[in-house]
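When you get a sec, could you build the whole thing from the sequences and use the hints?
The primary structure of each chain is shown beneath.
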Amino acid sequence: MGAKKLFLVDDDEIFRTAAEVLIKALGLAEEVVSLENGLLAYDALIPLENTPDELPELMFLDINMPVMNGWELLEELKHAPEIIRNKVQIHILTSSIAPEDLNLSKTYDFIEGYITKPLTNSDIERIKSGL
Amino acid sequence: MNTTTTSNFTIKGSPLPIAIVDAKFDIMECSGALLPFFELSGKDEINSLFDLLGDVREALGNKLKKGTRVTETLPIISRKGKLRWIRTNVHSGQGQNQQFQVYFDDVTEGKIQYELAMQAKKIAKIGSWKVDLIKNSVFWSSMTRQIHEVPNSFEPDLEQGIEFYKEGEHRDRIIQVVSECIESGTPFDVELIIITAKGNEKWVRSIGEAERSNGKTVAFRGVFQDIDDIKKEKRKNEELNNRMRAAVESANIGIWDWNVADNDLIWDDNMFALFGLERSEFTEAYDAWETSLHPQDKEFAANEVKLALEGKKEFDTEFRIVKKDGSVAHIQGRAQVFRDKEGQPLRMVGINADITGLKRKDERLRRLLEVTEKQNQKLINFAHIVSHNLRSNSSNISMLSGMLVSDIASKEKERFLKMIHTSSEKLEDTLNQLNEIIKIQQTGHRDLQEVKVFTILQNVCESINAIIKESNAEVTIKVPPALKVWGIPSYLTSIFMNLLSNALKYKTLETAPRIEIESKDLGNKTVLVFHDNGLGIDLKKHRKNLFGMYKTFHNNTDAKGMGLYMSKNQMEAMNGKIEVKSKPGAGSTFYLYFMNEQ
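Note that the protein sequences, when read in sequence, are chains A and B. Take the first sequence: its letter number 87 is residue 87 in this note's numbering, and every next letter is one higher. Take the second sequence: its letter number 61 is residue 61 in this note's numbering, and every next letter is one higher.
Since the hints were made in silico from the structure, they are not lab data. The model shown is predicted, which means the values in this text are computed figures rather than measured ones. Be a bit skeptical, because a hint or two may be false.
As the list claims (entries may be wrong) - In silico DSSO-like pairs for lysine-lysine, Cα to Cα no more than 27 Å straight-line:
| no. | chain 1 | residue 1 | chain 2 | residue 2 |
| --- | --- | --- | --- | --- |
| 1 | B | 411 | A | 24 |
| 2 | B | 413 | B | 439 |
| 3 | B | 359 | B | 418 |
| 4 | B | 452 | B | 426 |
| 5 | A | 78 | B | 540 |
| 6 | A | 128 | A | 87 |
| 7 | B | 577 | B | 544 |
| 8 | B | 426 | B | 505 |
| 9 | B | 411 | A | 4 |
| 10 | A | 106 | B | 359 |
| 11 | A | 5 | A | 128 |
| 12 | B | 541 | A | 78 |
| 13 | B | 484 | B | 520 |
| 14 | B | 411 | A | 128 |
| 15 | A | 5 | B | 411 |
| 16 | B | 43 | B | 80 |
| 17 | B | 452 | B | 439 |
| 18 | B | 568 | B | 581 |
| 19 | B | 541 | A | 106 |
| 20 | B | 452 | B | 484 |
| 21 | A | 24 | B | 413 |
| 22 | B | 359 | B | 374 |
| 23 | B | 298 | B | 361 |
| 24 | B | 411 | B | 478 |
| 25 | A | 78 | B | 544 |
| 26 | A | 24 | B | 418 |
| 27 | B | 583 | B | 478 |
| 28 | B | 12 | B | 125 |
| 29 | B | 413 | A | 5 |
| 30 | B | 12 | B | 65 |
| 31 | B | 125 | B | 80 |
| 32 | B | 411 | B | 452 |
| 33 | B | 236 | B | 125 |
| 34 | B | 43 | A | 106 |
| 35 | B | 378 | B | 232 |
| 36 | B | 505 | B | 581 |
| 37 | B | 341 | B | 312 |
Below, the structure written as structure tokens:
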């Protein structure tokens, strides 16, 4: 059984388009909310504190984005209401293969996974089984 | 011992230790002072001189005979376990029955001193000699003989004695001083080399003085000392000293000695050389040192001295001085503070070394390190591009094509093909940009030429004239038309284009863009200043990444994050640099620094 709602935070329009098709085709989520950067994701998450049912169960988060990048968003979420960190499974989804990024991701205990692009069918199946 | 049957009362009451003994050394009578003198009490049974001094037969004559008069100093171990030397005088008495009076005297102290003196003489290898000019005889003590390495039976005459001195200056000198001593009674004290009977060379000290009678020298005597070891030791010290001095001189090290209480500062010649001062213009005081200090180091160095005097810190520091000719030298100073019993500083002695050369090497190394770090940063940036830009495009292509091959995107085939096309074009762009960057980084200094800034600025403005007009922008060029910088025309065009188009792109919504370009001559550098009234940049957040690759800071879809990275690389390739000052809402100012010499 897939998620009801998924946040896809990435500045790459082509990737967002392709990923949305793939996610829906494989039934990972019913609804995919595309967000261009961290700040837009933050602004979308915070108002849902009081309506936790509307919070996405999944969030795919790119690292390199303008305005607010993935790390900056994670820093903000550290101080956000706990319900957000508990309810939303966050997966880093990046084209970076730098070990520093992977190591940095391990310092956040509320991160669920780290996926290197391209996003594959097996990635999606694995996440689906972990829901 | 029977003291009651005595017939001689004068002895009994004597305050001196006296005993009357018979020929067999048996004590017949004694004075009351005798027992205390030998640290004995009445309980001790004392019948014979043997009880006091041990068996004295050998020392005092096997049997005492009438008319005997013996003085002998004998050692005893006292009741308290101390070694005592007792001088014993034996006189034969007047009476019929063979009686002998024995007087005792403690000479321990004198004896020990004498022994010490003898020992000292022996250790110091001091002998004596005497030349009697009337009898024409020469006396040498056994030590004098020993020093000459002749047997004890050796009987020298004056001539022989002189012939022991090494031929040449040593013998000439001894003849001279001895002659003077004989003729006018002038005493002498000389250090010369002798060749001993066994053929060894030896330094000796000979001291002599005349014995005069009727204005004539009748004899002269003196002491003779083997000073070979002392002399050799001294020579070794001198050598060491010389070697050290040579080392100190060649290492450019100056030595100073400061009498803190009297404020008397002594410098060696090297110090004057280090500080470029003449000895004559130096007041030999602390102030002289302080005056030479570099103005920026004065307070610090003076404080270091203060701390050292207070004992809070070792004096081991570096400071700069300004020499008389105005040149600056880096000095390393180390010193030690000597104090009195109360801990008050008396003297401070230290060294100064000129480390200017070392400093320069240090600086060169540091610069080299900076270059390496920069290169490393570029490599990391490069890794970042490969990781991010190449991979993001290639992974998109892989995903899109994968979805096309499977049935997932079958309904959207058209759209997916278009996206694949876009991604491959982006990939191509990225590769071209990388190529461009590699080209920039290969720019050599030889490619630089003098470029007229004004002309290039005009050309750039013309080429973006349409956008300038469209955004109602006002571009003011305050650069002198003749101004030239060392650079590469195509890079300058690219940088100017980038800065101007950024200023137009990131304008505020309220006011029309105003851009001002001016130049300043900083001596060895020329700086071009681009000032705009646009959105500004939050440098607190973005300074680190501003000139990085693929970094964008405004939510603007045109931004590719390439421009400033390229500009920075181009500036560096031209030996220059780019800096920025900005605040959100207060516009941005970019500074382009160009070296004035190639």
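Against the structure, the hints:
The suggested pairing of residue 411/B with residue 24/A holds, with an alpha-carbon distance near 14 Å, which does not exceed 27 Å. Restraint check for residue 413/B and residue 439/B: not satisfied, since their Cα atoms lie roughly 39 Å apart, outside the 27 Å limit. Restraint check: the Cα-Cα separation between residue 359/B and residue 418/B comes to about 62 Å, which exceeds 27 Å; the hinted pair is violated. Between the alpha carbons of residue 452/B and residue 426/B the distance comes to roughly 35 Å, so the proposed pair goes past 27 Å and is violated.
A distance of roughly 21 Å separates the Cα atoms of residue 78/A and residue 540/B; the hinted pair therefore holds under the 27 Å criterion. A hinted pair counts as satisfied when its Cα atoms are at most 27 Å apart, and residue 128/A with residue 87/A qualifies at roughly 15 Å. Between the alpha carbons of residue 577/B and residue 544/B the distance comes to roughly 15 Å, so the proposed pair stays at or under 27 Å and holds. Distance restraint check for residue 426/B and residue 505/B: the Cα-Cα separation of roughly 22 Å lies within the 27 Å cut-off, and the hinted pair is therefore satisfied.
The hinted pair formed by residue 411/B and residue 4/A meets the criterion: a straight-line CA distance of about 24 Å does not exceed 27 Å. Only pairs whose Cα atoms come within 27 Å are accepted, and residue 106/A paired with residue 359/B is rejected, the gap being roughly 44 Å. Among the hinted pairs, residue 5/A with residue 128/A is consistent with the structure: their alpha-carbon atoms are about 13 Å apart, no more than 27 Å. For the hint linking residue 541/B to residue 78/A, the alpha-carbon distance of about 19 Å falls within 27 Å, and the restraint holds.
With a C-alpha separation of about 12 Å, the suggested pair residue 484/B and residue 520/B falls inside the 27 Å cut-off, and the hint holds. Note on residue 411/B and residue 128/A: the hinted pairing holds, with a Cα-Cα distance of about 24 Å set against a maximum of 27 Å. A distance of roughly 23 Å separates the Cα atoms of residue 5/A and residue 411/B; the hinted pair therefore holds under the 27 Å criterion. Simply put, residue 43/B and residue 80/B have alpha-carbon atoms about 17 Å apart, close enough for the 27 Å limit, and the pair holds.
At most 27 Å may separate the alpha-carbon atoms for a hinted pair to count; residue 452/B and residue 439/B meet this at roughly 23 Å. Using a Cα cut-off of 27 Å, the hinted pair residue 568/B and residue 581/B holds, with the two alpha carbons roughly 15 Å apart. Restraint check for residue 541/B and residue 106/A: satisfied, since their Cα atoms lie roughly 23 Å apart, inside the 27 Å limit. Using a Cα cut-off of 27 Å, the hinted pair residue 452/B and residue 484/B holds, with the two alpha carbons roughly 4 Å apart.
At roughly 16 Å between alpha-carbon atoms, residue 24/A and residue 413/B fall within 27 Å of each other, so this suggested pair holds. Among the hinted pairs, residue 359/B with residue 374/B is consistent with the structure: their alpha-carbon atoms are about 22 Å apart, no more than 27 Å. Taking the CA atoms of residue 298/B and residue 361/B, the gap is near 24 Å; set against the 27 Å cutoff, the hint holds. Restraint check for residue 411/B and residue 478/B: the C-alpha separation of about 60 Å exceeds 27 Å, so the hint is violated.
Our distance criterion of 27 Å between C-alpha atoms is met by residue 78/A and residue 544/B, whose separation comes to about 23 Å. For the given pair, residue 24/A sits about 21 Å from residue 418/B by alpha-carbon distance, which is consistent with the 27 Å threshold. Among the hinted pairs, residue 583/B with residue 478/B is consistent with the structure: their alpha-carbon atoms are about 23 Å apart, no more than 27 Å. This hinted pair does not check out: residue 12/B and residue 125/B have alpha carbons roughly 49 Å apart, beyond 27 Å.
Simply put, residue 413/B and residue 5/A have alpha-carbon atoms about 26 Å apart, close enough for the 27 Å limit, and the pair holds. A hinted pair counts as satisfied when its Cα atoms are at most 27 Å apart, and residue 12/B with residue 65/B qualifies at roughly 24 Å. Using a Cα cut-off of 27 Å, the hinted pair residue 125/B and residue 80/B is violated, with the two alpha carbons roughly 35 Å apart. The straight-line distance between the Cα atoms of residue 411/B and residue 452/B is roughly 59 Å, outside the 27 Å bound, and the hint therefore fails.
Distance restraint check for residue 236/B and residue 125/B: the Cα-Cα separation of roughly 21 Å lies within the 27 Å cut-off, and the hinted pair is therefore satisfied. A threshold of 27 Å between alpha carbons decides the hint, and for residue 43/B with residue 106/A the separation of about 101 Å lies outside it, so the pair is violated. Distance hint between residue 378/B and residue 232/B is unfulfilled; the C-alpha atoms sit about 68 Å from each other, more than 27 Å. Taken as a hint, the residue 505/B and residue 581/B pair is honoured in the structure, with Cα atoms around 18 Å apart against an allowance of 27 Å.
As the CA atoms of residue 341/B and residue 312/B are separated by approximately 17 Å, the hinted pair is consistent with the 27 Å bound.
This entry does not satisfy hints 2, 3, 4, 10, 24, 28, 31, 32, 34 and 35, going by the numbered hints stated previously.
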